[in-house]
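Trainee: So the chains spell out like this:
Protein chains: 2
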Amino acid sequence: MQQCCKVKNMKNLLRLKKLNETPFRKRVLDIFNKYPYAISMGVIEKELKDYNRITLYRTMKAFVKNGLIHEILMGGEETKFALCKEICSNEAHQHQHIHFKCKQCNSVTCVEIAKFPVISLPNYKIEELEIQATGVCAACQS
Amino acid sequence: MQQCCKVKNMKNLLRLKKLNETPFRKRVLDIFNKYPYAISMGVIEKELKDYNRITLYRTMKAFVKNGLIHEILMGGEETKFALCKEICSNEAHQHQHIHFKCKQCNSVTCVEIAKFPVISLPNYKIEELEIQATGVCAACQS
DNA sequence: TATTAAATGCAACAGTGTTGCAAAGTAAAA
DNA sequence: TTTTACTTTGCAACACTGTTGCATTTAATA
Numbered sequence: 000m001q002q003c004c005k006v007k008n009m010k011n012l013l014r015l016k017k018l019n020e021t022p023f024r025k026r027v028l029d030i031f032n033k034y035p036y037a038i039s040m041g042v043i044e045k046e047l048k049d050y051n052r053i054t055l056y057r058t059m060k061a062f063v064k065n066g067l068i069h070e071i072l073m074g075g076e077e078t079k080f081a082l083c084k085e086i087c088s089n090e091a092h093q094h095q096h097i098h099f100k101c102k103q104c105n106s107v108t109c110v111e112i113a114k115f116p117v118i119s120l121p122n123y124k125i126e127e128l129e130i131q132a133t134g135v136c137a138a139c140q141s
Numbered sequence: 000m001q002q003c004c005k006v007k008n009m010k011n012l013l014r015l016k017k018l019n020e021t022p023f024r025k026r027v028l029d030i031f032n033k034y035p036y037a038i039s040m041g042v043i044e045k046e047l048k049d050y051n052r053i054t055l056y057r058t059m060k061a062f063v064k065n066g067l068i069h070e071i072l073m074g075g076e077e078t079k080f081a082l083c084k085e086i087c088s089n090e091a092h093q094h095q096h097i098h099f100k101c102k103q104c105n106s107v108t109c110v111e112i113a114k115f116p117v118i119s120l121p122n123y124k125i126e127e128l129e130i131q132a133t134g135v136c137a138a139c140q141s
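Those sequence lines, one after another, are chains A and B.
Using numbering that gives the first Met the number 0, read the first sequence as starting at 0 and increasing by one per residue.
Using numbering that gives the first Met the number 0, read the second sequence as starting at 0 and increasing by one per residue.
There's no promise every hint is true.
Said to hold, decoys possible - Result set (EDC-like, lysine to aspartate or glutamate): computed pairs, CA atoms no more than 16 Å apart in a straight line:
no., chain 1, residue 1, chain 2, residue 2
1, B, K102, A, E127
2, B, K64, A, E76
3, A, K60, B, E111
4, A, K102, B, E127
5, B, K60, A, E46
6, A, K45, A, E20
7, A, K64, B, E76
8, B, K102, A, E76
9, A, K102, B, E76
10, B, K25, B, D49
It should be emphasised that the hints constitute simulated quantities derived from the structure, not laboratory data.
With the hints as constraints, model all of the structure from the sequences given.
Mentor: The following block contains the structure:
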């Protein structure tokens with residue numbers, strides 16, 4: 000399975016994204032490091048065991064806003080979250096990847112693709128594209 | 000702005016999708032007919048004025064399950080719904096369209112595209128693709 | 001260490017969606 | 001048309017998700 004990304008230097012990452020380093024935030028980032036795919040609130044809550052629900056929501060909101068993580072909406076499912084690339088800012092998330100949901104292992108991963116498709120619609124100005132794919136992942140096929 | 004689709008014969012449509020024809024369901028379908036773009040729960044609730052919240056949720060769920068409407072998730076926004084094509088079944092929704100969100104008028108429309116992009120990832124088996132685009136729609140540009 | 005700003009925790013609440021059950025409505029056969 | 005079987009609706013009650021205001025604690029910086 001594909002690794003989204005890993006946080007090597009947590010202190011730097013938080014600083015880079017203009018967030019203070021706190022024990023709670025490090026605990027949450029550790030969980031993202033532990034999983035090689037996108038995770039849901041449920042998973043994070045289970046991993047944390049002992050936590051404050053409100054603080055968690057505020058932390059996640061701050062992480063999304065400041066470009067540490069991005070939200071992945073998979074139709075009819077729980078919203079999932081995955082680490083962003085370092086270049087993502089609070090202005091714009093910039094990903095050259097698609098979100099892939101495996102029907103077999105149920106994992107959602109961010110998969111980088113070489114040539115991102117270009118779609119043009121007459122009279123429409125397309126500024127952003129988000130692509131969700133469903134199927135069977137590499138690991139589940141072998 | 001692009002019309003998603005229209006329901007001509009409501010009785011037939013409901014029967015075709017194996018749902019009984021009831022006054023409430025017809026009222027909900029009428030609302031979809033009235034709007035040429037995807038609408039949110041909020042819009043439906045406002046249009047209905049007088050309704051039962053629980054019945055509405057159950058109706059929407061039945062419509063999605065039986066292939067009358069499809070759900071459109073636009074990141075960070077309210078979920079929207081649009082009429083399906085007649086061929087959609089309860090087994091599989093089949094759309095050759097992308098979901099386009101206009102930043103100016105905030106409308107979400109289903110836009111048919113001639114050649115749906117083909118994405119291939121080594122070792123991955125892609126079965127479905129869902130594409131969300133954001134930008135400026137035809138109407139807002141002129 | 002002192003100061004200032006940010007993060008956390010608590011209480012309370014609003015919105016969203018669900019379930020069980022009884023009543024009303026619909027479809028189809030007698 | 002009436003009967004019957006099944007589906008839909010409405011009510012009450014509830015669970016889950018996410019938010020806000022405010023007091024307290026913690027982190028960053030001088």
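Trainee: With reference to the structure, classify each hint as holding or not holding.
Mentor: Here is what the structure says about each hint:
1. B:K102 - A:E127: holds (11 Å)
2. B:K64 - A:E76: holds (14 Å)
3. A:K60 - B:E111: The hint is violated at about 34 Å.
4. A:K102 - B:E127: Holds. K102 (chain A) to E127 (chain B) sits at ~11 Å (cutoff 16 Å).
5. B:K60 - A:E46: violated (32 Å)
6. A:K45 - A:E20: The given pair, whose Cα atoms are some 22 Å apart, is violated under the 16 Å limit.
7. A:K64 - B:E76: Distance of about 15 Å is within 16 Å: holds.
8. B:K102 - A:E76: Violated. K102 (chain B) to E76 (chain A) sits at ~25 Å, over the 16 Å cutoff.
9. A:K102 - B:E76: Violated, because 25 Å separates the two Cα atoms, which is more than 16 Å.
10. B:K25 - B:D49: Roughly 14 Å between the alpha carbons, so the hint for K25 (chain B) and D49 (chain B) holds.
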